[in-house]
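J.: Quick mapping for you: the protein sequence lines, in order, are chains W and C.
Just so it is clear: in the first sequence, position 193 is 192 by numbering that gives the first Met the number 0, and no numbers are missing.
Just so it is clear: in the second sequence, position 147 is 146 by numbering that gives the first Met the number 0, and no numbers are missing.
Honestly, the hints are just simulated from the structure, not real lab data.
Source: prediction; values computed, not measured.
Treat the hints with care, as some may be off.
[Stated by the list, open to error] Looking from chain C toward chain W, a few residues come up when the C-beta cut is under 7 Å (computed):
#, residue
1, Pro63
2, Leu65
3, Met66
4, Leu70
5, Phe73
6, Gly74
7, Leu75
8, Ala174
9, Ala178
10, Val189
11, Phe194
12, Phe198
[Said to hold, decoys possible] Computed from the model, here is a short list of chain W residues facing chain C with C-beta under 7 Å:
#, residue
13, Ser3
14, Phe6
15, Phe184
16, Phe187
[To be verified] Here are the in silico distance ranges between beta carbons for each label pair:
#, chain 1, residue 1, chain 2, residue 2, range
17, W, Leu25, C, Ser140, 38 to 48 Å
18, W, Ile202, C, Ala213, 35 to 45 Å
19, C, Arg113, W, Arg206, 26 to 36 Å
20, C, Gly187, W, Leu52, 17 to 27 Å
21, W, Gly48, C, Ala213, 26 to 36 Å
22, W, Ser81, C, Asp109, 22 to 32 Å
23, C, Ala212, W, Arg206, 27 to 37 Å
24, W, Ile202, C, Phe5, 14 to 24 Å
25, W, Ala181, C, Leu132, 52 to 62 Å
26, C, Ser140, W, Glu61, 20 to 30 Å
A virtual CB, placed ideally from N, CA and C, is assigned to each residue, including glycine.
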Amino acid sequence: MTYSLDFGWLAGATGAIARGAATTILLIAVTTLAGTLLSILGAAGRRNGPLLLKRAIGVYVEVIRNTPFLVQLFFIFFGLPSIGVRLDPVLAAMLAMTLNMAAYTIEIVGAGLDAVPPGQTEAALALGLRPRQVFIKIVLPQALKVIYPALTSQIVIMMLESAVVSQIAVRELTYEADMLQARTFRAFETYFIVTMVYLILSIGLRRLLVGGGRRLLGAGVS
Amino acid sequence: MIEFTFWDILRNLLLAARWTVLLSLAAFVGGAVVGMIVLFFRIAKNKWARRFASGYIALFQGTPLLMQLFLMFFGLPMLGLRIEPWTAAVLGLTFFASAYLAEIWRGGVDALPRGQWDAGASLGLHYLQELRLIILPQAFSITRAPTVGFLVQLIKSTALTSIIGFEELVRTSNAINNATFEPFKVYGLVALIFFVMCFPLTQYARLLEQRAAAR
Numbered sequence: 000m001t002y003s004l005d006f007g008w009l010a011g012a013t014g015a016i017a018r019g020a021a022t023t024i025l026l027i028a029v030t031t032l033a034g035t036l037l038s039i040l041g042a043a044g045r046r047n048g049p050l051l052l053k054r055a056i057g058v059y060v061e062v063i064r065n066t067p068f069l070v071q072l073f074f075i076f077f078g079l080p081s082i083g084v085r086l087d088p089v090l091a092a093m094l095a096m097t098l099n100m101a102a103y104t105i106e107i108v109g110a111g112l113d114a115v116p117p118g119q120t121e122a123a124l125a126l127g128l129r130p131r132q133v134f135i136k137i138v139l140p141q142a143l144k145v146i147y148p149a150l151t152s153q154i155v156i157m158m159l160e161s162a163v164v165s166q167i168a169v170r171e172l173t174y175e176a177d178m179l180q181a182r183t184f185r186a187f188e189t190y191f192i193v194t195m196v197y198l199i200l201s202i203g204l205r206r207l208l209v210g211g212g213r214r215l216l217g218a219g220v221s
Numbered sequence: 000m001i002e003f004t005f006w007d008i009l010r011n012l013l014l015a016a017r018w019t020v021l022l023s024l025a026a027f028v029g030g031a032v033v034g035m036i037v038l039f040f041r042i043a044k045n046k047w048a049r050r051f052a053s054g055y056i057a058l059f060q061g062t063p064l065l066m067q068l069f070l071m072f073f074g075l076p077m078l079g080l081r082i083e084p085w086t087a088a089v090l091g092l093t094f095f096a097s098a099y100l101a102e103i104w105r106g107g108v109d110a111l112p113r114g115q116w117d118a119g120a121s122l123g124l125h126y127l128q129e130l131r132l133i134i135l136p137q138a139f140s141i142t143r144a145p146t147v148g149f150l151v152q153l154i155k156s157t158a159l160t161s162i163i164g165f166e167e168l169v170r171t172s173n174a175i176n177n178a179t180f181e182p183f184k185v186y187g188l189v190a191l192i193f194f195v196m197c198f199p200l201t202q203y204a205r206l207l208e209q210r211a212a213a214r
């Protein structure tokens, strides 16, 4: 049996691929912002919150880190409606991605907070700053600078994992690939092209984050 | 309609979990073997061998596992191989694991001081003997924690093979859910089973990390 590759369908498919890629980018942009914010709150709560909150955050982190993202997604999209929480696919995907990413980045941000010498907090308090100001203006920027490379990797990993949300019919890149291959019967070629698009996206996203980090947090970010 | 009791659901899920365990083990062993080969290329003296290995690792770490599985599933039949979901799943996860394991172990090799190589050479060992007797044992021992950590990631990744039709825990749970309409219970149980498999390994990796830090 001989098989010849055929990319003739590609000309008519660029629109669908571009639309899918745009949705993937939207998903990861929202997840990055919400996930980072949630992990800062989580890491701070885990260090300074009441005991019950500390425990709850600990359990949340372990549960998410030890179960597959696909199962979390199915639980949120199919499982939650039976207790009255009905989300549309895009919202469910964003929620699942944010919760998943935050479980990993809480530990990363926490490590960054621990890396800031306690003298920084003491000095700021001695200057008369309120505890919240100390956290936001002194500790957090230094912590983010330390953990920025790890955060970048986690965001890229999350972007790659977002391929899975096609399974709940979010019209992102993988979903468009599924639709295309069903129409063209050129499964291998379709997934090959889309894989390359993902590769470009992940390289581009990493470049963007590294460049942005350098500008925002100062030099020293590789 | 057939009635499913809680125990029916649990029993069917546990039976399916065997395949998840088996697939994880097969992919880990396969990934370790292929990963060793990639590691040899990655630390070779030849520049092109190193570049090839770097590209291989970047390719697998820069694309979604789901796409890799699809390419396996639809690509191998074009080479004339008859392919079942099981074969595609094992091969896909093997290549995926090999890239990550090679990169983890490469970190271990790089962490060793240059003097280890020099000492090996001055004892009259040739390259392969140096690797086998001096470099690799140390590299493996300092990367034990991330290796176990990756095994956890691999177990979780087997969930994706349900999408290419391999009959493991998640695919079975989809079928059960379609029959019982109890997604909260079914997916909750699936999450619990995965947790029971992964959590001890996570704790073990943490223990190894602490031990390494204490040394």
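J.: Each hint should be assessed against the structure and marked as holding or not.
T.: Now the hints, each set against the structure:
1. At its closest, the beta carbon of C:Pro63 sits 4 Å from a beta carbon of chain W; the interface hint therefore holds under the 7 Å criterion.
2. Here the hint on C:Leu65 is kept, as its CB sits about 4 Å from the closest CB of chain W, short of 7 Å.
3. Here the hint on C:Met66 is kept, as its CB sits about 4 Å from the closest CB of chain W, short of 7 Å.
4. Because the smallest distance between the Cβ of C:Leu70 and any Cβ of chain W comes to about 5 Å, under 7 Å, the interface hint for this residue holds.
5. Here the hint on C:Phe73 is kept, as its CB sits about 4 Å from the closest CB of chain W, short of 7 Å.
6. Here the hint on C:Gly74 is kept, as its CB sits about 5 Å from the closest CB of chain W, short of 7 Å.
7. With a least beta-carbon distance of about 9 Å to chain W, the hint placing C:Leu75 at the interface is violated under the 7 Å criterion.
8. The beta carbon of C:Ala174 is not positioned within 7 Å of any beta carbon in chain W (closest approach about 13 Å), and the interface hint is therefore violated.
9. Contact between C:Ala178 and chain W, as hinted, is not supported at the beta carbon level, the nearest pair being about 14 Å apart and thus beyond 7 Å.
10. For C:Val189, the interface hint holds, the least distance from its beta-carbon to any beta-carbon of chain W being 5 Å, beneath 7 Å.
11. Residue-level restraint check for C:Phe194 holds (minimum Cβ-Cβ distance to chain W is 5 Å; threshold 7 Å).
12. Annotation: interface hint on C:Phe198 holds; nearest CB of chain W at approximately 5 Å, less than 7 Å.
13. The restraint placing W:Ser3 at the interface with chain C is violated, with a minimum CB-CB distance near 9 Å, outside the 7 Å limit.
14. Checking W:Phe6 against chain C by beta carbon gives a least distance of about 14 Å; that is not within 7 Å, so the hint is violated.
15. Interface restraint check for W:Phe184: the shortest CB-CB distance to chain C comes to about 10 Å, outside 7 Å, so the restraint is violated.
16. A cut of 7 Å between beta carbons decides the hint on W:Phe187: the least distance to chain C is about 4 Å, and the hint holds.
17. In this structure the supplied range 38 to 48 Å holds for W:Leu25 paired with C:Ser140, their Cβ-Cβ distance being about 44 Å.
18. Between W:Ile202 and C:Ala213 the C-beta distance comes to about 38 Å, which sits within the given range of 35 to 45 Å.
19. Taken as a hint, the range 26 to 36 Å holds for the pair C:Arg113 and W:Arg206, whose Cβ atoms sit roughly 32 Å apart.
20. For C:Gly187 and W:Leu52, the Cβ-Cβ distance of about 23 Å falls inside the hinted range of 17 to 27 Å, so the restraint holds.
21. For W:Gly48 and C:Ala213, the hinted distance range of 26 to 36 Å is satisfied, since their beta carbons lie about 29 Å from each other.
22. Checked against the hint of 22 to 32 Å, the C-beta distance between W:Ser81 and C:Asp109 comes to roughly 50 Å, which is inconsistent with it.
23. Under the hint 27 to 37 Å, the C-beta atoms of C:Ala212 and W:Arg206, about 33 Å apart, fit the expected range.
24. Between W:Ile202 and C:Phe5 the C-beta distance comes to about 48 Å, which lies outside the given range of 14 to 24 Å.
25. For the hinted restraint 52 to 62 Å between W:Ala181 and C:Leu132, the CB-CB distance of approximately 55 Å keeps it satisfied.
26. Restraint check, C:Ser140 to W:Glu61: a C-beta distance of roughly 27 Å satisfies the suggested window 20 to 30 Å.
When each numbered hint is compared with the structure, violations occur for hints 7, 8, 9, 13, 14, 15, 22, 24.
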